[in-house]
Structure formats: C-alpha cells, structure tokens
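Using full-length UniProt numbering, you'd call the opening residue of the sequence shown number 1 and step up by one each time.
Everything labelled a hint here was simulated from the structure, so no lab data went into it.
Treat the hints loosely; a few may be bogus.
[Stated by the list, open to error] Computed cross-link-like contacts, EDC-like style, restricted to lysine to aspartate or glutamate with a CA-CA straight-line distance of at most 20 Å:
no., residue 1, residue 2
1, K271, E285
2, K4, D203
3, K53, D72
4, K184, D128
5, K32, D18
6, K169, E192
7, K197, D180
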Amino acid sequence: MDDKDTIRDMLNCLLGLDHDHEIIDLDYEFEKPIDVFMPEDDSARLDVWVTTKDHRYFNIEMQNRSHPFFLDRLQLYNSYQTLRGKYEYNRSTYFKLMDEKERKVHFYELPETVSIWLCNFQILKSKDIFKDTWAVYSEDEVHHSDSTHRALPIFSKNRYIVIDLPNFKRIRKSISSREDYWLKLLSQGPLEVPESKDPIFRDALNRLRVSRISPELLKALEEHMFDKHADEAIEAEIWLKGREQGLEQGRDNRNVEMALDMLADDEPVEKIVKYSRLSEDKVLELKQSLAKNALK
1 MDDKDTIRDM LNCLLGLDHD HEIIDLDYEF EKPIDVFMPE DDSARLDVWV
51 TTKDHRYFNI EMQNRSHPFF LDRLQLYNSY QTLRGKYEYN RSTYFKLMDE
101 KERKVHFYEL PETVSIWLCN FQILKSKDIF KDTWAVYSED EVHHSDSTHR
151 ALPIFSKNRY IVIDLPNFKR IRKSISSRED YWLKLLSQGP LEVPESKDPI
201 FRDALNRLRV SRISPELLKA LEEHMFDKHA DEAIEAEIWL KGREQGLEQG
251 RDNRNVEMAL DMLADDEPVE KIVKYSRLSE DKVLELKQSL AKNALK
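Using the sequences and the accompanying hints, generate a full structural model.
What follows is the structure in structure tokens.
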C-alpha cells in the first residue's frame with residue numbers, strides 16, 4: 001500500500017471513477033492520529049488518510065474482525081474525517097484564493113469525504129453482493145422508490161463504501177477487473193493472484209512478498225496490525241456476557257429453590273408463579289417432580 005500510484009489506482013477502482021472524475025494526484029499518511037478529544041482522552045488512528053489535489057478526502061480502514069459498537073466506530077471515524085476534511089479544505093490554497101464574498105458563500109461548504117472499510121468478516125446482510133455504498137437517504141424517498149424511481153442520497157458528498165471480503169472470496173472465483181485484482185490481493189495475498197505485466201500490480205506484488213521485507217519492518221507491521229481498542233472491547237464483552245450468564249444462572253437457582261419451598265408448604269401455583277417469577281409450566285414441572293420423588 002505504501003505507494004502513491006497503488007493507492008490512487010485502488011481508490012479509482014473501488015470508487016468506480018470514470019476518466020473524467022478519476023483521482024490524478026494525492027498525498028497519503030498511514031496511522032494518522034485522530035487529534036480531537038476521544039472518550040477518556042485515549043487516542044485512535046486512521047489506517048490510511050488520503051488527500052487529493054482536487055480537495056477530496058478518503059479514509060481506508062482494514063478490519064479483520066467485528067467488535068462491539070462497530071457501526072458506531074464507522075460513524076466516529078467518518079465524523080472526524082468530515083471535520084478534518086473541512087479544516088484542511090479551508091486552509092487550502094484554493095480556498096484562500098477566493099475573494100471575500102466567495103469565502104462567505106462557501107463558509108459551510110464541505111469537501112467530498114469517503115470512508116472505505118475493507119472488512120474480513122461478514123458485514124453485509126445480503127449474500128449476493130460484496131460491496132455496498134451507505135449514505136444519507138430520505139426515508140420517504142426510499143419508501144416510495146421502485147424500479148422507475150430510485151431513491152438517491154440527499155447528500156452525496158459524504159458516504160461509506162463497505163466491502164465484505166468473505167462475500168468477495170465466495171462470489172469472485174476469477175479476476176475480471178482491476179478492482180477484483182486489488183481485492184483478491186488484499187484479502188488472499190500475493191500467492192493467490194497471477195503475475196501481471198502491469199507495473200502498478202507488479203510493484204505491489206513485489207512489496208507484499210514477505211521474503212523481501214526486513215525483520216524490523218515485519219515487527220513494526222505486526223505492532224500496527226494490533227488493534228488495542230477493538231481487542232479490549234471484544235475481551236470485555238466476553239467477560240460481561242459470562243458474568244451476566246452466571247448472574248442469570250444464580251437467579252434461576254434461587255427462584256427454583258423458592259418455588260420448591262413454597263410447593264412443600266402447599267402454596268397455590270398462582271402464588272408461586274407470582275413470587276418466584278418462574279413460568280407456570282416450570283412450577284408445574286417442579287410440582288410433578290416433587291410428587292414423583294415422594295412416591296419413591
């Protein structure tokens with residue numbers, strides 16, 4: 001990924017840009033810190049931050065697994081991206097060269113921002129697609145859309161492109177486009193794609209061959225691949241679920257003990273249901289079990 005032509009070509013493919021709208025030149029930065037206040041003032045980072053010469057801003061995230069509040073994370077990163085894009089746009093030479101009246105007109109203008117999420121886990125509901133675009137739509141427009149009238153985003157400058165790599169691997173058995181080549185290379189590695197005479201593909205393949213990477217760089221890559229916040233969220237969720245299951249089991253046991261005591265005192269079933277919070281079927285099952293034990 002660490003190459004301007006590689007990122008430019010991949011973005012043009014993933015965005016489906018035609019010749020008139022394709023990205024010509026860009027700057028990029030890996031592991032860009034989110035330099036605004038975060039919960040508990042703890043830092044997070046964007047995998048790849050891309051700025052084009054025509055003032056478009058892209059964030060590329062590669063995720064190996066889901067975690068609690070994953071969709072919230074998409075929104076959080078996109079919010080930062082929007083603010084950062086606006087900040088950089090207003091500081092650009094293009095904006096500063098506007099005369100005073102033009103700058104006033106463009107005071108609230110946002111540049112185009114796109115969040116691209118390459119997910120190595122099932123994220124799309126449909127099994128029939130591997131790429132989807134998420135944007136802001138009118139609920140009424142969507143409700144009244146049909147084959148002749150398709151709902152369009154009410155704001156097209158800000159959107160998400162979400163790629164489901166497991167779906168891609170299942171759907172695309174062969175490479176039929178540049179986009180296919182990039183996604184197969186990213187999701188399955190250099191051994192799963194054919195050699196290419198295309199200089200961009202050839203150089204990307206050479207960079208991805210691990211045998212060419214120094215041990216020091218491999219160690220650095222390994223550290224960057226570790227997502228501290230995601231791992232902590234997953235571990236904490238597992239712990240909380242285990243605790244809740246234990247608490248529920250404890251409550252169930254206490255409720256059963258209460259019901260058994262009340263049955264031993266010949267309390268009516270309706271009363272036992274009320275106080276033990278067990279279902280009537282469960283209380284009757286316990287009553288039947290007690291009767292069987294008494295006959296032994």
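Restraint check for K169 with E192, where alpha carbons must lie at most 20 Å apart
It holds: about 11 Å lies between the C-alpha atoms, which stays within 20 Å.
Holds or violated: K4 with D203, Cα cutoff 20 Å?
Holds: K4 and D203 sit about 12 Å apart, inside 20 Å.
With the threshold set at 20 Å, check whether the alpha-carbon distance from K184 to D128 stays at or below it.
holds, 17 Å
Is the straight-line distance between the alpha-carbon of K32 and that of D18 20 Å or less?
violated, 29 Å
Are K53 and D72 close enough, with their CA atoms no more than 20 Å apart?
Given that 20 Å is the threshold and the Cα spacing comes to 30 Å, the pair is violated.
Agreement of K271 and E285 with the hint, judged by alpha carbon distance not exceeding 20 Å:
Roughly 15 Å separates the two Cα atoms, so the pair holds.
Next pair to validate is K197 with D180; report whether the Cα-Cα distance is within 20 Å.
holds, 16 Å
Of the numbered hints given earlier, the model fails hints 3, 5; all others are met.
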